[in-house]
Amino acid sequence: MYGEEPLFGLLNRIGTPVEGHRPWPRYRLGRDGWLRLIEGLAGNGWSLLGLWGEPKAVHAAFREDFSGDVAVVSLDCPQGRFPSLSAVRPAANRLERAAHDLYGLVAERTTDPRPWLDHDAWGVRRPLSEQPAAPVPSPGPYTFLPVEGEGLHQIPVGPVHAGIIEPGHFRFTANGETVVRLEERLGYVHRGVEGLMQGRPVAETARLAARISGDATVAHSLAFARAVEAALGVEVPARAVWLRALMAELERIANHLGDIGAICNDAAFAFMLAQTSQLRERVLRTADACFGHRLMMDRVIPGGVATDLPERGAGLLLELVAELRKRFPPLVAVYDGKASLQDRTVTTGFVSAELVTRFGAGGHVGRASGRDQDARRSPGYAPYDELNFEVPVLTEGDVNARVWVRIREVEQSLSLIEQIVTRLPAISRGLDHPSVPLEAGRGGEGMALVESFRGEILTWVRLDGEGMVARCHPRDPSWFQWPLLEAAIGGNIVADFPLCNKSFNCSYAGHDL
Amino acid sequence: MLKHILTSLTGGPVTEAAPAPADAALAELAGQLDKAAKVRLGRSLSIREVDAGSCNGCELEIHALNNPIYDLERFGIRFVASPRHADVLLVTGPVARNMREALIRTWDATPGPKWLVACGDCAVSGGLFAGGYACVGPVEEVLPVDLRIPGCPPRPADLLAGLLALLETSAGR
Numbered sequence: 001m002y003g004e005e006p007l008f009g010l011l012n013r014i015g016t017p018v019e020g021h022r023p024w025p026r027y028r029l030g031r032d033g034w035l036r037l038i039e040g041l042a043g044n045g046w047s048l049l050g051l052w053g054e055p056k057a058v059h060a061a062f063r064e065d066f067s068g069d070v071a072v073v074s075l076d077c078p079q080g081r082f083p084s085l086s087a088v089r090p091a092a093n094r095l096e097r098a099a100h101d102l103y104g105l106v107a108e109r110t111t112d113p114r115p116w117l118d119h120d121a122w123g124v125r126r127p128l129s130e131q132p133a134a135p136v137p138s139p140g141p142y143t144f145l146p147v148e149g150e151g152l153h154q155i156p157v158g159p160v161h162a163g164i165i166e167p168g169h170f171r172f173t174a175n176g177e178t179v180v181r182l183e184e185r186l187g188y189v190h191r192g193v194e195g196l197m198q199g200r201p202v203a204e205t206a207r208l209a210a211r212i213s214g215d216a217t218v219a220h221s222l223a224f225a226r227a228v229e230a231a232l233g234v235e236v237p238a239r240a241v242w243l244r245a246l247m248a249e250l251e252r253i254a255n256h257l258g259d260i261g262a263i264c265n266d267a268a269f270a271f272m273l274a275q276t277s278q279l280r281e282r283v284l285r286t287a288d289a290c291f292g293h294r295l296m297m298d299r300v301i302p303g304g305v306a307t308d309l310p311e312r313g314a315g316l317l318l319e320l321v322a323e324l325r326k327r328f329p330p331l332v333a334v335y336d337g338k339a340s341l342q343d344r345t346v347t348t349g350f351v352s353a354e355l356v357t358r359f360g361a362g363g364h365v366g367r368a369s370g371r372d373q374d375a376r377r378s379p380g381y382a383p384y385d386e387l388n389f390e391v392p393v394l395t396e397g398d399v400n401a402r403v404w405v406r407i408r409e410v411e412q413s414l415s416l417i418e419q420i421v422t423r424l425p426a427i428s429r430g431l432d433h434p435s436v437p438l439e440a441g442r443g444g445e446g447m448a449l450v451e452s453f454r455g456e457i458l459t460w461v462r463l464d465g466e467g468m469v470a471r472c473h474p475r476d477p478s479w480f481q482w483p484l485l486e487a488a489i490g491g492n493i494v495a496d497f498p499l500c501n502k503s504f505n506c507s508y509a510g511h512d513l
Numbered sequence: 001m002l003k004h005i006l007t008s009l010t011g012g013p014v015t016e017a018a019p020a021p022a023d024a025a026l027a028e029l030a031g032q033l034d035k036a037a038k039v040r041l042g043r044s045l046s047i048r049e050v051d052a053g054s055c056n057g058c059e060l061e062i063h064a065l066n067n068p069i070y071d072l073e074r075f076g077i078r079f080v081a082s083p084r085h086a087d088v089l090l091v092t093g094p095v096a097r098n099m100r101e102a103l104i105r106t107w108d109a110t111p112g113p114k115w116l117v118a119c120g121d122c123a124v125s126g127g128l129f130a131g132g133y134a135c136v137g138p139v140e141e142v143l144p145v146d147l148r149i150p151g152c153p154p155r156p157a158d159l160l161a162g163l164l165a166l167l168e169t170s171a172g173r
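Those protein sequences? They're chains A and B, same order as listed.
Each residue of the first sequence is one higher than the last, beginning at 1 in the numbering used here.
Each residue of the second sequence is one higher than the last, beginning at 1 in the numbering used here.
Wrong hints could be hidden among the right ones.
Below, in silico cross-link-like pairs of lysine-lysine (BS3-like), each with a Cα-Cα straight-line distance of 30 angstroms or less [as the list claims (entries may be wrong)]:
(1) A/Lys326 <-> A/Lys338
(2) B/Lys3 <-> A/Lys338
(3) B/Lys3 <-> A/Lys326
Source of the hints: derived by calculation from the structure; they are not laboratory data.
Since we're looking at a predicted model, the values are computed, not measured.
Please work from the sequences and hints to get the whole structure.
Structure follows, in structure tokens:
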């Protein structure tokens, strides 16, 4: 039908649909079906959207990019084992290692069986499984991949880094100035988010979702809220839908402004950071004046939004758009015209189109390397279907392209904010607040795909009969971007690592959970 | 570029007036530092920030302190790259167990006299993450805390007021 096998065609043959999973279908597979899925994955380009565990089951989500079809597949694993997807979808590897560390699920024939989130510091092994185990009595050190060759040396960096950034360990192997291999070790900020979410009321879980990654608090809150609303079949008031998009676009602009300045700062061009950080502050203050919190944390809630836009809000936002449209383009001109800056960003940290496709990387990382994917457009969600915007895509795949994708996205988001503010629906009749109460005592399974400033977030949730969260898995876009950073730095000089890293700006907290 | 420089020169500073040192912080800090330490520190503080499990919300607002609007460095307070250069550890997050050892080692690498500031609700009380298998909880369960700046995340103005109180106390005025 699409030049390759339709995803649903295969799944209808090998699986049985599960009732009550919205808005996309979930299929339960047997072990044979799972193995046939792996064969299908080897021959087709379906993107891996996520993989997560439960005590006796493993789930994975896929999308057929061409048609936009999305499906979840599940395999019961009573023995705690499942055939690994890592050979056909390398991005599955770290997710499988995380499922092992949390749920004790063993991925058979995996490409890499090492632990990932478990650093032998929790005092317990497989904490979320039915039978957590005692810790290893005397754990050995983590084994990094071997690198052999003449004249190589290693540079260990972190977990505590030199700047005001999150913790993670980078193991560089270099030959002189040139990086031969980078290996990441993450998990230092694992806070046990998924475990804390289990068995909690929806409202409390929403507060945890807002703190998965502080810079994408609106997007993660939105993904969680939409997953819950899908599970319960709740219709959100139109005004709330538009206000959510307004907050999401403010968040996107604020982060992109910060990133553009920070990337230039890492090329020793401090002027740009001094300028864009003022613009960022301007955005955060407007957000504060409109929604009562600079980062708009806890403002998107299941059922709607927690705060309505005050009367003066529309004026403030239009002023903000006008001011940014005046002050941002001259800065872009400076960026574009500085040869010394371009010298650092052009051709640096190259990621191929083939790699971003293979790992299903989204956001500025994917779109700077030609992967034309944006969750606001496909699968798409309200109100973006009623708004005009373009998704900038470049093909150069270097630091410079990732900067330019951000620049273009700032411009698009300014236009979106203007459209939203001028067309914001009035509050629905009979409501004094743009939110609806969730019906208590209902269960169901729901999933949402939301475009954060960083890329596509997947959140999957199961609510039990009492309306409590039985299982929630938020998959940050960073999961599929971190592995590519290892590729981006290869062949570059060590001194360009901060530039590459900042141009990705992956979330440690969102990944480590 | 030249136009930008001229505008910056003629436009006057964008930096805003500082808030007063936080009273609550002054009270918490009162009498914590002896005279010898005050003489050594003078009116300057070097801060090493340590994320011990934050969601990165606190980091965003700490970053804002360096922008020209808050301009932390005008007070002689600056962020440094190594704990060996630091007088103060500014710790965020509910101390993820995976970060516990790194946090302690960073503290041990900081020369005395030194202070520890718990920044944000997670560092102050463990926040939403207290009680799980993966977090220790408040920073004070791991290291002695001298000053607490609550908030989720604290606003830059609150951070500034807290750090100014630290500076006032260390300068012994």
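* To do: Quickly compare the C-alpha distance for B/Lys3 and A/Lys326 to 30 angstroms and report which way the hint goes.
  => holds, 14 angstroms
* Within 30 angstroms, alpha carbon to alpha carbon, are A/Lys326 and A/Lys338? -> Status holds; Cα separation ~20 angstroms.
* To do: Mind checking the alpha carbons of B/Lys3 and A/Lys338 for me, to see if they're no more than 30 angstroms apart?
  => holds, 14 angstroms
When each numbered hint is compared with the structure, no violation occurs for any of them.
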